[in-house]
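Colleague: In order, the protein sequence lines correspond to chains A and B.
With the working numbering, the residue at position 83 of the first sequence is 954, and numbering never jumps.
With the working numbering, the residue at position 302 of the second sequence is 1119, and numbering never jumps.
Incorrect hints may appear among the rest.
BS3-like mimics (lysine-lysine), calculated; alpha carbons at most 30 angstroms apart, straight line [claimed, not checked]:
1) A:K954 with B:K827
2) A:K954 with B:K885
3) B:K827 with B:K918
4) B:K1095 with B:K1065
5) B:K884 with A:K949
6) B:K884 with B:K921
7) B:K920 with B:K983
8) B:K920 with B:K885
9) B:K822 with B:K1033
10) B:K884 with B:K918
11) B:K927 with B:K884
12) B:K884 with B:K827
13) A:K1100 with A:K949
14) B:K820 with B:K920
15) B:K1033 with B:K1056
16) A:K949 with B:K1056
17) B:K884 with A:K954
18) B:K820 with B:K1033
19) A:K949 with B:K827
20) B:K927 with B:K987
21) A:K949 with B:K918
None of these hints come from the bench; they were simulated from the model.
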Amino acid sequence: MNNNLFSWILLILSSLVLLFILAPLAGMFLDTGSSEFMQTVGDKEVQDSIWLTLWVSFAATFVFAFASIPLAWILARKNFPLKQVVQGVIDLPVVLPHTAAGIAVLGFISRDGFLGKTADALGLTLVNNPAGIALAMAFVSVPFLINSARDGFATVPERLEKAALTLGASPSRVFFTISLPLAWRSVMTGFVMMFARGMSEFGAVVIVAYHPTIAPVLIYERFSSFGLKYARPASVLFIIVALAVFILLRLISLKKKEIHLSPDAEA
Amino acid sequence: MLKLKNINRKFGDFSLSEINLDITEGEYYVLLGRSGSGKTLLLELIAGLSIPDSGEIWINNQNVTGKKIQERSVGLVFQDYSIFPNMTVFGNIAYPLHSRKMKKEVITGKVNRIAGEMNISNILDRFTQNLSGGELQRVALARTLVNSPRLLLLDEPLASIDASLKDDLKRTFRQLNRNGLTIIHVTHDYREAVSLAGRVGVIHNGHIIQEGTPEKVFNEPVNRFVARYAGIRNFFRVKFFRENAFWKAVCNGNFVFNIAGNGFPAEGLIILKSSDIKIVTSEPVERFDNSFRGTVLEINPSEYGMEVTVDAGETFYACLPIDEFKLLQIRESSTVWITFSRSSAIALPGSG
């Protein structure tokens, strides 16, 4: 097969995949009339659900980052018994059916579950509450943050951390001044991926909380109650807002100057 | 100043075993060894980055074996400098001072002073990506010295430096040592040991196999490995025997060396420095301890002049200064005589 023909085949196959992704989205945008769209923009219920989706997903990502980023560093740096099992546990939510993940989270946060009971004692109900939604979102999306941050920490040469220790820095100072800044790009990529994945979650959230309604649940509710035509404008608006936030976060997180790291020298 | 007592440390398939070292205050000690010999691991043990499986580390009469890195007053300059790429040169040098929570004015003063001493005042505001090897080494040194360590550990500090800058850095190390700083310098290059060390230790497969002044170690290597390090290329496996009052060594059954000393075992090695072999183009009239006729196989430029390879029944490598070489007017396949004194042939017992 000559090179030219092979290039054409590659181009056609690649275009078909891109078309497969773009065509339904473009169709949805084109099929949405401007008056219907503007009506949806002004719809308080839609506005509230998109806002709820954004802030709950962001809050879940932010809160879980505090524990997940140190865990990612441990996975990148330390060897311990059953490390592979721990890594498998972290990846588990990615392979579970999301409704099954929702059932698991519901069992944990309902009044019969450990967390539910504890929250109940503090006067907080997690089911049908933004806190419960955040937990469901985090359950399915936290592997994206941990894995990306772990890969980032693994690329930071260990000898830089050792050098900082010999210069009198405490382990926590080494983490905050060397490890984290040098792995920043991967950590932020993981942060954005977790946020985006949490924002788009439907299966797990719908089981934990139908109300308050996040955007994916609202779209499903409108589709099942009123049909495709009624669900479409809300979908378009949510996609536009989600894309805008996603692009903005990527720009903010990647604005930091790229730092080239050389691999560890021979010990 | 520093005492290592029976240090053992296993690291995968490799182990440092029974390391004993005694470094006095103000000493310049060069640890010489190939890559993988354990020299970097030994530095990490002294610095506290790694903990020995057994044995003790004493610094300034204090047992620091289990102590934190931060409590050892030891500065370590890594082979690749390990400059933090997310900070400027100033940020790098100020890093240890920030760790000690010093005031901003004090930090600025200290950084400026050490940068002046290291000749890097002009690059303090720069990020480190585009600095040369020599500049990075000076930044790494400044960053370590600003912390006023009692003991400076240098891991292959000249390995990635241009030849033209090496002398400058050597001068800096000598000056630091003259000012009282105790230095342990790890290298694979015996020339660094010759030019810098007050004392040399040769490390091989996790053992220190010989220690002493550079003169002692390189003139009286204990085995073939150390001899190779001294740049010696002439090795001959021999059987020793005594003839009348003198000892001799025979190589491959018929090649006889006259050697100095006595009381040799049955077998061993003869080693001979390239610079101790003389070459003449006609049979020597005066009587030499050792004189052999041979043919020039190869002539190659070497660091100190020209290296002439001669086949005289056994292969000899002789190193001649350029002037001497020019006077000889020899070329490949010329017939020559090689001569060397009895005392130049260093006899080592065992198989080396």
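Colleague: Does each hint hold? Answer for all of them.
Modeller: Each hint tested on the structure:
no.: 1; hint: A:K954 with B:K827; in the structure: 22 angstroms, holds
no.: 2; hint: A:K954 with B:K885; in the structure: 27 angstroms, holds
no.: 3; hint: B:K827 with B:K918; in the structure: 36 angstroms, violated
no.: 4; hint: B:K1095 with B:K1065; in the structure: 20 angstroms, holds
no.: 5; hint: B:K884 with A:K949; in the structure: 21 angstroms, holds
no.: 6; hint: B:K884 with B:K921; in the structure: 29 angstroms, holds
no.: 7; hint: B:K920 with B:K983; in the structure: 35 angstroms, violated
no.: 8; hint: B:K920 with B:K885; in the structure: 24 angstroms, holds
no.: 9; hint: B:K822 with B:K1033; in the structure: 24 angstroms, holds
no.: 10; hint: B:K884 with B:K918; in the structure: 21 angstroms, holds
no.: 11; hint: B:K927 with B:K884; in the structure: 27 angstroms, holds
no.: 12; hint: B:K884 with B:K827; in the structure: 19 angstroms, holds
no.: 13; hint: A:K1100 with A:K949; in the structure: 53 angstroms, violated
no.: 14; hint: B:K820 with B:K920; in the structure: 35 angstroms, violated
no.: 15; hint: B:K1033 with B:K1056; in the structure: 25 angstroms, holds
no.: 16; hint: A:K949 with B:K1056; in the structure: 54 angstroms, violated
no.: 17; hint: B:K884 with A:K954; in the structure: 28 angstroms, holds
no.: 18; hint: B:K820 with B:K1033; in the structure: 22 angstroms, holds
no.: 19; hint: A:K949 with B:K827; in the structure: 18 angstroms, holds
no.: 20; hint: B:K927 with B:K987; in the structure: 23 angstroms, holds
no.: 21; hint: A:K949 with B:K918; in the structure: 29 angstroms, holds
Violation of the numbered hints given earlier is confined to hints 3, 7, 13, 14 and 16; the remaining hints are satisfied by the structure.
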